[in-house]
Amino acid sequence: MADTVYDVTTWPGASVDARTDIGRVVNEIIADIKTRQTTQNTRPGAVVYIPPGHYDLKTRVVVDIGFLTVKGSGHGFLSEAIRDESVTDSWVETQPGASHIRVVNTDGHKEAFLVQRTGAPATVGRLGSVVFQDFCLDGVASTKPYTPGNTKTGISVQSDNDAFRIEGMGFVYLEHAIVVKGADAPSITNNFIAECGSCIELTGASQVAKVTNNFLISAWAGHSLFAENAEGLHFSGNTVLWAANLTLRNSHRASITSNKLLSNFPSMVALLDGSSENLISANHFRRVHGDGSSTRYDDLYGLVHIEGGNNAVTANHFSYDVPPANITPAGAAPTIILVRSGAANFLSGNWLVGNVPVKVVLDASSTGTRVLHSALASQLTAYTTDHAFVATP
Amino acid sequence: MADTVYDVTTWPGASVDARTDIGRVVNEIIADIKTRQTTQNTRPGAVVYIPPGHYDLKTRVVVDIGFLTVKGSGHGFLSEAIRDESVTDSWVETQPGASHIRVVNTDGHKEAFLVQRTGAPATVGRLGSVVFQDFCLDGVASTKPYTPGNTKTGISVQSDNDAFRIEGMGFVYLEHAIVVKGADAPSITNNFIAECGSCIELTGASQVAKVTNNFLISAWAGHSLFAENAEGLHFSGNTVLWAANLTLRNSHRASITSNKLLSNFPSMVALLDGSSENLISANHFRRVHGDGSSTRYDDLYGLVHIEGGNNAVTANHFSYDVPPANITPAGAAPTIILVRSGAANFLSGNWLVGNVPVKVVLDASSTGTRVLHSALASQLTAYTTDHAFVATP
Amino acid sequence: MADTVYDVTTWPGASVDARTDIGRVVNEIIADIKTRQTTQNTRPGAVVYIPPGHYDLKTRVVVDIGFLTVKGSGHGFLSEAIRDESVTDSWVETQPGASHIRVVNTDGHKEAFLVQRTGAPATVGRLGSVVFQDFCLDGVASTKPYTPGNTKTGISVQSDNDAFRIEGMGFVYLEHAIVVKGADAPSITNNFIAECGSCIELTGASQVAKVTNNFLISAWAGHSLFAENAEGLHFSGNTVLWAANLTLRNSHRASITSNKLLSNFPSMVALLDGSSENLISANHFRRVHGDGSSTRYDDLYGLVHIEGGNNAVTANHFSYDVPPANITPAGAAPTIILVRSGAANFLSGNWLVGNVPVKVVLDASSTGTRVLHSALASQLTAYTTDHAFVATP
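Chains as they are written, first to last, in our numbering: chain A, 71 to 463; chain B, 71 to 463; chain C, 71 to 463.
Bear in mind the hints are in silico, worked out from the structure with no lab data behind them.
There could be a bad hint or two in this list.
A pair counts as met if it fits within one copy or between any two copies, since identical chains are not told apart.
To be verified - With a straight-line Cα cutoff of 20 Å, these simulated SDA-like cross-link-like pairs (lysine to any residue) come out:
1) LYS180 with PRO82
2) LYS180 with THR437
3) LYS104 with VAL162
4) LYS128 with THR112
5) LYS251 with THR193
6) LYS251 with HIS179
7) LYS128 with ASN320
8) LYS180 with ASP391
Could you put together the complete structure from these sequences and hints?
Shown next, in the form of structure tokens:
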């Protein structure tokens, strides 16, 4: 085997069995890489391979080198929420599997993986092209809605970073699955994130993050996707479940297209704090009543909630089905799209279905909204005359 | 190598060379895994690796453990249909390659891989996170349209299952490439399925299946995708060829978006048996005349055929080009979208092109269909007055 | 290790260290494969694995066998453009990493990998299912806009080919990252192509190419995607940056959907030479002013430029923000969509935003264009009366 490929179970330099503390072993491997790769022109990084098995992570891993690939053989998801509500005496397996890491830090830290480099990025260089692939990060025990829950985080990136990849991973029973601060062009694709407080949080600022082809399954107190000060986010082809909640703050030119979203709660996509020029197109929104309860939003908040200008909502399908007794405020006509504020938002070619009458609502402070073939005459409630309406006949 | 990683060509426990009967070897590996992983908390599964090579599968593999990854190094597709119609004396390669399994069961079974666990799922637990990756399942010999053909099946999942992954696989010359019964959140992505009777069949019932980024190439007697009793299917980013045929029965809230579909036959997407609230958006539909013949549908059936309510067909392109002599019934104006029945279907922002005049047709039993900028005045044929029409000028 | 899996760093047959000339080693491996796989029924190919490390490629690799997988462990991207404009004395890493190949041919050739087989495809068979995965091809030194630049090419496929896969690769500082001639059903997905002259060029002719989920970052003298005589291209879910430029010549039935496009220049999508029946839907187009200068197109050329018929542009968002002093010709109202020629193009449900007044323009030679809810009355400039307009109110 090449000397840039490490197997956590067979690497002779480990001071402990990886099954006892994989975090310590990975840190030792990173230290070993540093002793072998010693100049700025000879640091290609390495692969850390995690074969199928159950591993405890007692020590947080700190990644401060670029080009590191941490890779397993399978996300190994098993629904711990279903397990914890079932009689499992005769179950064949009762915990996640494949390359399965139990996040059980005994070091006082909350993260399984912290990616962070000391020094100003312009001085020491940004962290680039770190890869997490195909293993499972499991918080072991938690309770709905998982935030604050066990307060654990799967992967936290806290230095400016470029071209990271998180692919094929599984996350379960964590408060935060993935947190990335200062992201440039990350690719987060083909992951299975479930039963977490929040799935993906792009904090600080980010540019051109690409989030595609994932399952994102979070409960009602966190976010499927949270982004602040984001430019050019691309969120496409994802299946987002349970409490689908994409929240963008001061974020612009995002493209949210071709996703399948299901939620037991309002605020499936919220464009806040002046988020502008975003596109929401060709998505399927489904709102039902079911597991969980929350007073975070009521049914006047909107499945899509807009506070910002020049956003386009085109060619989507919205389906609302909640028993009248569970609609809040009692007796309200649920809002599908709320333009809370902002100028020149564009709604075109959307179809709304409800078990009760549903509404597109333009608040008084909104201006110049176009509602074109996106609501029947009976479905539009406008608290401003400053809008244009072509009703769906 | 870790003891949870098996190479079918080098594992000493095999009773036969994997090239002679890989099925028997994989079954023996699974048996070995069971002897090593003996409690419900210590069953992470394993990887079964298939290096490039030609392998015969004489014995059906039965997978009844979770978290198993069966993985090769390449889908190895070669068009056997083209080969069988060519003079190949001087061809360099004449059969598929990479990690190539010839499905030649001598055990009386039809499947290469059967995934099934004895016992009620609630009692024994569902099968979870089984992975098939990057190898080729080849039926060896068949004839168009491949169903019934050689009656062979690539992968059949017959127990309730969660979070399965089928990725990067090749399938060729099988009657059924993939059959999954009782699927919850499977991810079927980046596969190359060609020259099969049917590509993907989600039988029984399924929820939130995700089928993305695949090549699906089937002939005229089967289906590209078949789903019954499906909730929340997501079918996006696929290229679907030859006889593109997505058939959904009693299926709801599917999202069929951003696909490229080509067919020599009608019924490219059929929403049947009351399928409702589905979204068909941003797809390109191309209908031509070419290889194959079928009387299964005539040109009045529709490229999109709807029997159900509140479906939305938005922002698609339809292109029809069939020599008049090949249109059936003779002299008919081909139907692009047929709303056969159902209430409140929504057609918005679609463009229709034909080498002959083409039609959107609303049958007499349909009600409340909206046809908005989706047909010229001359392109709509409505057998009911219960509809609304905004003609494309 | 199976005898069909080669590690370039440990294979005993190599005449040179792979770090010195990986090209020579891979050619020797291919020669070895040919000595072992000697009949047309026994050529499954092999895997050539490139562990993390820095490798020089002095000799061009020639691939003339099918089913070969060349695979590394990471695209290892590092922005060489940023590096070359920075003080890097204290940077930890100053060149790309992971499985990193420096393209430094000393053999007089321009390509790192040439895929080509001698003989007529019908006689010797097409090259099938070759795979390039997860390594980095780096041109080492170049200058914007990289074409002609260092005149280097990453992967060039020059024989008719079927079902190729290029996945997870990195390309940087090349004039041409990927050139594929005569492509049938290639899958180009999940790559990171940046700081190249052109990213993907489908020359000659192609059918049903699938280009999905990539980062494509090219400068202003080349193309993000170039296709000529292409049928049924599928370009979806990509993030395209800097000088996003998709140019299609005589290409038909392409589907360009759910992409995020950013450019400092016009001509983000150009449908030329009669390109017809293409779909451009659910994309986000962002035009800004920034790095680079070019006189290739002025602001009357259009972000989308159409010379062909029956193309559909639906449900997109266009955002234009260029300082007036940088708009050319001076004082012009920038064109967002130009229908230069062609019959029956269909624009529906698009939203246009500009820091200055922006336009949809129908040239005199265009006929029958429909502009439906895709421009305000003030945003349409028609040099022909042969069109239909439903203004966005």
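Alpha-carbon proximity between LYS251 and THR193, which holds within one copy, between copies, both or neither at 20 Å: Within one copy only: 18 Å inside a chain, 43 Å across chains, cut-off 20 Å.
Identical-chain pair category, LYS180 with PRO82, by Cα at 20 Å: Classified as neither: same-chain Cα gap 28 Å, cross-chain 43 Å, threshold 20 Å.
Status of VAL162 relative to LYS104 across identical chains (alpha carbons, at most 20 Å): between (42 Å within a copy, 11 Å between copies)
Homomeric proximity label, LYS180 with ASP391: Cα distance no greater than 20 Å: Result: close neither inside a copy nor across copies, 38 Å intra and 42 Å inter.
Identical-chain pair category, LYS180 with THR437, by Cα at 20 Å: neither (45 Å within a copy, 57 Å between copies)
Within, between, both or neither, where LYS128 and THR112 count as close if Cα-Cα is 20 Å or less: Answer is between: at 19 Å across copies they meet the 20 Å cutoff, but 31 Å inside does not.
Alpha-carbon proximity context of LYS128 and ASN320, limit 20 Å: neither (37 Å within a copy, 49 Å between copies)
Alpha-carbon proximity context of LYS251 and HIS179, limit 20 Å: within (18 Å within a copy, 43 Å between copies)
Violated hints, in rising order: 1, 2, 7 and 8; the structure is consistent with all others.
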